[in-house]
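Chain order of the listed sequences is A and B. Numbering of the first sequence is given in the working numbering, commencing with residue 1 and proceeding in unit increments. Numbering of the second sequence is given in the working numbering, commencing with residue 1001 and proceeding in unit increments.
Each hint can be trusted.
Think about it this way: if two alpha-carbon atoms lie no more than 30 Å apart in a straight line, the pair counts; the simulated DSS-like pairs of lysine-lysine are:
| no. | chain 1 | residue 1 | chain 2 | residue 2 |
| --- | --- | --- | --- | --- |
| 1 | B | K1224 | B | K1181 |
| 2 | A | K184 | A | K237 |
| 3 | A | K236 | B | K1122 |
| 4 | A | K181 | B | K1154 |
| 5 | B | K1184 | B | K1071 |
| 6 | B | K1236 | B | K1184 |
| 7 | B | K1173 | A | K181 |
| 8 | A | K237 | A | K181 |
| 9 | B | K1173 | A | K236 |
| 10 | A | K224 | A | K164 |
| 11 | B | K1173 | A | K184 |
| 12 | A | K237 | A | K195 |
| 13 | A | K173 | A | K201 |
| 14 | A | K71 | A | K44 |
| 15 | B | K1224 | B | K1195 |
| 16 | A | K44 | A | K181 |
| 17 | B | K1044 | A | K154 |
| 18 | B | K1007 | B | K1062 |
| 19 | A | K184 | B | K1154 |
| 20 | A | K44 | B | K1154 |
| 21 | B | K1195 | B | K1236 |
| 22 | A | K236 | B | K1071 |
| 23 | A | K173 | B | K1154 |
| 24 | B | K1201 | A | K173 |
| 25 | B | K1195 | A | K173 |
| 26 | A | K237 | A | K201 |
| 27 | A | K181 | B | K1201 |
| 28 | A | K195 | B | K1173 |
| 29 | B | K1173 | A | K173 |
| 30 | B | K1224 | A | K154 |
| 31 | B | K1030 | A | K30 |
| 32 | A | K224 | A | K237 |
| 33 | A | K236 | B | K1237 |
Derived coverage of chain B by chain A (criterion: at least 3 residues anywhere in the stretch with Cβ under 8 Å from a Cβ of chain A; other residues may be distant):
| no. | region |
| --- | --- |
| 34 | 1106-1112 |
| 35 | 1147-1158 |
No lab work stands behind these hints, which were simulated from the structure alone. Keep in mind the model is a prediction, meaning the values are calculated, not measured. The beta carbon of each residue, even a glycine, is placed where N, CA and C say it ideally should be.
There are 2 protein chains.
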Amino acid sequence: MKKNHGKIYGLGVGPGDPELITLKALNILKAVPVVFIPVSSEGKESYAFGIVERHLDLARQKRINLLFPMKRDQGTLVPYWENAVEEILRVAEQGIDSAFITEGDPFFYSTFIYLHARLLEKVPEDRLEIVPGVTSFCASASAAMFPIVNGEAKLAVLPAAYGKDHVEDALEKFDTVVFLKVHKSLPFLLDTIEKMGRGDKFVYVERCGAAGERIIRNAGELRKAQPNYFSLLIVKK
Amino acid sequence: MKKNHGKIYGLGVGPGDPELITLKALNILKAVPVVFIPVSSEGKESYAFGIVERHLDLARQKRINLLFPMKRDQGTLVPYWENAVEEILRVAEQGIDSAFITEGDPFFYSTFIYLHARLLEKVPEDRLEIVPGVTSFCASASAAMFPIVNGEAKLAVLPAAYGKDHVEDALEKFDTVVFLKVHKSLPFLLDTIEKMGRGDKFVYVERCGAAGERIIRNAGELRKAQPNYFSLLIVKK
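Kindly produce the complete structure, drawing on both the sequences and the hints.
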């Protein structure tokens, strides 16, 4: 392992509002010569890039896009993760520091977790650093003035794919349930929530803090909305 | 309601590292004439104040301590919440902006939630703003290089008081369980985790990012540790 191995940062840049980046992430972001940006398809805007764009100086800093198509099947994604790791290592092995940016937090439902597992095997531990970020569910709660959990309350967080049983079980046993990326399951979730008498105890938030933010508290209105990928639902008892 | 009602901010200042405050919270913190600091007893250092101290200019800004004793019984705490709300309103009604600081996120197991419910009734909505923060569990995961959840994984977060059944049920049904403020329940949690074969699948973190941070991955070592109030355990399948 070369002594002048570049440092690799996994940077959480927060949920959408460029001001919700931490001082630590901002300082690293401004200092690194190379920034890796996850994109879901060539030519499509990156949500994470939109958050940091104003903080970068692209005349001085190199932007490298890394492609991660939107696919549920993890097997299909392995070559993309491996390619990304190769690209990141190629830069680090030249002694150049770099940052991989990720919306929200790098260890909370992020593609970076898959890269991290592979980087850990190949990079000296002190050459890898993770900087946490504000999660979308915390930012959504603040924006909607909808406290998440207090006192002895229990929280469950469920990502996009959940069976019917899981949903009802979580709603019954937990004081607050956060459903992430609900764009495909919204009608089913709303049916369940209403059936369980929680039709007035939720808030829906999409693109929190970014352009096009929406906050919806009414089930009827939400049924008519075209939900966005960056969406979540917080439901209380 | 006076037109020149001061703005009241609920500021998440992050988990412990002063650099893990957001740009937004920092800018507000530096601008407000009055900063409200939660303290658990007169004379005892405030964890939240320790996080922001370096960002404040106490020659120019007024620091007001608000007392919230450490008690489980919420009834006992009501007069303290009411007193805090009165103090905050007294400042706001003079047209002075103020910020109540809270470690982590203001809507995630924070005393501020109790104040918020009362302030909402008395303050025009546009005079109250919440700024989310990095939670201790995200920061702990980053510090310990221990990813929290990815893909379709489900997360449960349980605060300090939990029955035996809840613990086993959560560990069985969720991919990752975060136990918060584990200082009193650590022996019981370790027994359960080991019994369920997860003795090598956890990380314990206390005072993440602050002075005296500790990260422990070994059950034997953890049993001998004197755990701190600002402690958590992340356990995986």
